[in-house]
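K.L.:
Next come the chains, spelled out residue by residue.
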Amino acid sequence: MRKINIEPITRIEGHARITIHLGDDGNVERTQFHVTQVRGFEKFTEGRPYYEMPAITARICGICPVSHLLASAKACDAIMAVRIPPAAALLREAIHCGQMVQSHALSFFHLSAPDLLLGMDSDPAKRNVLGLAEKHPDIVRDGIALRKFGQKVIERLAGERIHPPGIVPGGVATPLDLATRDEILKDLPEARTIARRTLDLFKCILEGFETEIATFGKMPTMYAGMVSNAGDLRLYDGRIRFKNADGSVAAEIDPAEYASYIGEASLSDSYLKAPYFKPVGYPAGIYRVGPLARLNTADRCGTPDADAELREFRQRFGPMVDSSFHFHYARLIEAIYCLERLQILLETPAILDRHVRARAEVNAAEGIGVAEAPRGILIHHYKVDENGGMKWANLIIATGHNNLAISRSIEQVAKHFVKADRLEEGILNRVSAVVRAYDPCLSCSTHANGGPALRIELVGPQGEKLDEVASGS
Amino acid sequence: MARDGLLVIGYGNPLRGDDGVGPEAARRLRKNGVDALAVHQLTPEIAERIAAARAVFFLDADANLQPGDISVEALHEAASSVASSMEHYVSPAILLRLAHEAYGANPDAWYVAMGGSNFEMGEGLSGDARRAVVRATRAVMRRYAR
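Note that the protein sequences, when read in sequence, are chains A and B. Residue numbers for the first sequence follow the numbering used here, beginning at 4 and rising by one. Residue numbers for the second sequence follow the numbering used here, beginning at 7 and rising by one.
Possibly wrong hints are sitting among the right ones.
[What the hints assert, rightly or not] Some chain A residues well away from chain B (every beta-carbon gap over 12 Å; in silico):
hint: 1; residue: Y54
hint: 2; residue: R62
hint: 3; residue: G134
hint: 4; residue: D141
hint: 5; residue: F152
hint: 6; residue: G153
hint: 7; residue: Q154
hint: 8; residue: T177
hint: 9; residue: R195
hint: 10; residue: K206
hint: 11; residue: A217
hint: 12; residue: K221
hint: 13; residue: Y274
hint: 14; residue: A363
hint: 15; residue: P464
hint: 16; residue: K468
[Stated by the list, open to error] Footprint (simulated), chain A over chain B, 3 or more residues, beta carbon under 8 Å:
hint: 17; region: 51–64
hint: 18; region: 103–109
Since the hints were derived computationally from the structure, they do not count as laboratory data. Glycine included, every Cβ here is placed at the ideal spot set by N, Cα and C.
This is chain B alone, in the form it adopts within the complex (with noise of 0.2 Å):
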């Protein structure tokens, strides 16, 4: 069970540079007590850890963002039509769909999106990724306070 209900699933690759601002920041509200789980990509097996908590948060990296800004984004209605059937890519909300599905659950969620600079291959994050990092965690805390 997530712990209050909230659940952080921080996914992307730490060998892409500012790919791996999802984890980073998964591991980083997991040291402030929060349930956050640091993956390289979604997978099926996650829905079951969804359908158990109250509200969700899916944080990922986004080249398309500005570095360093963050977008949040609600995502609504779990049950709603997925497009992209399940094949290799596994989206937020097919997971939101398959804890539905197949465990009755709804949670609140979000999606927020991290604009980073370096998406080359190697471990770190650039200034803008941290900074990115900084206001998503800040982010998730302040919307989960409310």
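Same shape as in the complex, but just chain A (with noise of 0.2 Å):
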């Protein structure tokens, strides 16, 4: 047998490296992906005191630090057993839709429009931004402006656009002013027309990757992703609803109850665990999230355009898109759904009251909060003592719950592209193209540190390695 590795795997967030093992007749046989790096945070955050652990945690990732800023604050307000004030609800929803444009943005415009706006096999030394700012200027520009603007609405609400201070445990830390409120609703046109015009960009380009479509993760699993009561898409708050391959409801639960259904594999050659839906057990218990999930588990996405975006979607791939190619255009039908979400709850004029933070001391020993962030849903489930002093920290990541996901569908593109006599590095690009589409952010999920990405390695029949990529750091 002969082995490929692909490490470090590039345009991702965090490191990996993949194996693909070749058969005598240079077929492949089994592919491994494994992520390696550790950080530690459940670990070393022992014993610092409950409050702490927002800004603490947020530190695991610089693209949605807001994600963990409210998962672990939505723990903390239940560790206060506190209901939070209605206008800081509000408040800590648009700065995840803020959250959710400007890492959209960043997946598709930086890290994939290079594959799929130039190609998968066009040239490795410019398929990147700059390539494709060469190219498209005004795509870039695009690109830059509605990352800006998610940014910016950060910023705005929370006082910093990377690890904001704003969200704090029982609301937020500063009540919104009408001139703030103002500024921001008149950026938002241009930013929703972006995000159109980009959608219907991607649209025209979908004919020419329909092997990739048929080849990327196409495959029954279930899906996860939280929606309101009512059945729409939610992002800060909600219900998590597991969905079946055929697209019957498995299971829909109050977040709190998470570890009656998401079980946790440990893997002997990756640092990233591997959930499954528990009353399936491992591994058939496989299950998506992320944008592709989410809009496979809501019943409608609850605002005008997206919901008309989301029918076409249905219409043109079926009431349950199974393959993760199309995370990409899930990831741009979210994003204008941000924007239409966001424009409500700036709207809505309980979002400027000025009562937007619960205090209380300990009030139970144990809380769970949960949020969906850009790649899927985040768990933080914090136990502590009589003092609020950290005993227990279990932290599920969004990337975490797709490792299984990510595994077989790297598994799917070798073995229909990778063959031992063509490793053409668009080939290969394709294998780390598969993993891109998931947009995963691995320090998120093993809550580890930073530095170059991804690396294949092609291993032969006896254990011999053939060849090794390691575009880029």
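Using the hints, put the two standalone chains together into the complex.
P.N.:
Next comes the structure, spelled out in structure tokens:
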């Protein structure tokens, strides 16, 4: 048997390696996805005061710190046993919409658009945002403008673009003033125009990716996403709905019940655990989270433009869209949804209320906070002593939920494209590209340190290394 | 638009001791009326700010410099080839190239490195780093005044 290593995988957040094992006939026998970093936030936060957890865990990630802040603050709310003021809930969700927009813009424009707009087989030296800027400067300007808008929302509402201090246990730190609200509302139409234009562009190029659509993790799995009581898409708060591959609801739970439904398997060759749907077991309980899963689990988005796009999406690909290539499509629909939702939230008069924080001591020994991060469901679960000192923490991160699905998607892509006698860079790029479709954040998922991304290793029938691709750091 | 065409970008992680010299120097310059960004890391959208500037200074920590020392290096020709593609790490050269490709801009640019002595976990600058900050801010103002 021979083996291909891909390390680092590029244009993702974090470090990982892919190993492709070839059989005697030169075909792919199996693949492995290794996440090669560990950081240990769950352990080193033991003993810290619970109210420090939002600020500490936000440092897990520079892309989605708001998600960690929200999940952590919600776990702290539960420890304090408070219901946060309505204005605080509106503001938290508005900040979250800003983060979703900037994160989805980063994923699409800066990380995946080089593959999608320049081509999977294009010159690897130019298959990046600089090459994209050379050929499509208008698209890069759109990406920068959309990301900037999302970051501005975070900065204005929560204090800083990265690791904002404005989301705190019990609510938010500062009420919203009218001038700030109007400033964001003034910029919203341009952001919505860009999101609309980008989705239209993406729909135009889809025809060129029929093979990728058929092979990038096109498989039956379960899905998990947050929904309102009415079944609408929800990103800040709601119930977790698990759907089977056929679209039937497997379970719909209060997030505090997660431990009864989500198990975590440890893998021998990766620091990233593999969550699974407990009632089905491991590994058959594989499920996907993130934009595609959210659109598959929700009945509707709940905003007009996004719902029109969701209807078209389902008309084109069916009620349960099963190719992970369509994470890109779903991400762009969600960007439209977040901008519409942001407008609704900002135009709700109660968002301007001055009372934005509930205060209390420790009233419960345990707290669970759940939010939808850009990449999927994010769970923070804390146990504290009577003084509020952290005794135990469990963090289940979006990319972790997708671990099994990413691994199977890599295998599907590798088996379709990779042959021992043709190891062109463009072929191996597709193996990386399927990982990028999930927009994984491996720094988040293992709560790890930064650094280079992914390496692919090709291993022969006798275990000898035949080739290795390490495309940048 | 950067005030008077000058933009300062100080970057680094203030939670890693002297790695925070860049943001600290940027904040100090901002108090002197300079348009200055204090950020953890360079990100693509900064290219838009660069494109609106006449002169850009990137301020960063350098563990290889003598503690307290600084070095000032002109960053030439934004459109020159950038060996590393934009992936995990965004360098000043990549941002300049992006400003050129996306916005047609070619501002003058300098990289100001500052030597520190403590890059361990924790907030606060060492005396060496504080000296480097003073030197760097003077160097920026002096060069800009020319």
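K.L.:
Give a verdict on every hint.
P.N.:
Status of the hints after comparison with the structure:
Remark: the non-interface label on Y54 (chain A) is consistent with the geometry, its nearest Cβ contact in chain B lying 18 Å away (cut-off 12 Å). In this structure R62 (chain A) is not separated from chain B by more than 12 Å, as the shortest Cβ-Cβ distance comes to only about 7 Å. Against chain B, the non-interface label of G134 (chain A) is violated: not every CB pair exceeds 12 Å, the least being about 8 Å. Some Cβ of chain B comes within 12 Å of the Cβ of D141 (chain A); the nearest lies about 8 Å off, and the non-interface call is violated.
Remark: the non-interface label on F152 (chain A) conflicts with the geometry, its nearest Cβ contact in chain B lying 10 Å away (cut-off 12 Å). Listed as a non-interface residue, G153 (chain A) fails to keep its Cβ farther than 12 Å from every Cβ of chain B; the least gap is roughly 10 Å. Look at Q154 (chain A): its CB is around 7 Å from the nearest CB on chain B, not clear of 12 Å, so calling it non-interface is violated. At the 12 Å boundary, the C-beta of T177 (chain A) stays outside the reach of chain B, the nearest C-beta of that chain being 20 Å off.
Against chain B, the non-interface label of R195 (chain A) holds: every CB pair exceeds 12 Å, the least being about 18 Å. Consistency note on K206 (chain A): stated as away from chain B, and its beta-carbon is indeed over 12 Å from all of that chain's, at 24 Å minimum. No beta-carbon of chain B comes within 12 Å of the beta-carbon of A217 (chain A); the shortest separation is about 27 Å. K221 (chain A), annotated as away from the interface, keeps every beta carbon of chain B farther than 12 Å; the closest lies near 27 Å.
Residue placement check: Y274 (chain A) keeps its beta carbon more than 12 Å from all beta carbons of chain B (closest about 18 Å). Non-interface status of A363 (chain A) relative to chain B is upheld: no Cβ of that chain comes within 12 Å, the nearest being about 29 Å off. Every CB of chain B lies more than 12 Å from the CB of P464 (chain A), the least distance being 33 Å, so the non-interface label holds. K468 (chain A), annotated as away from the interface, keeps every beta carbon of chain B farther than 12 Å; the closest lies near 23 Å.
Given as covered by chain A, the region 51–64 of chain B passes the check, having 3 residues with a CB less than 8 Å from a CB of that chain where 3 are the minimum. Look at the region 103–109 of chain B against chain A: 5 of its residues bring a Cβ nearer than 8 Å to a Cβ of that chain, three or more, so the hint holds.
Of the hints listed earlier, those the structure fails to meet are numbers 2, 3, 4, 5, 6 and 7, in rising order.
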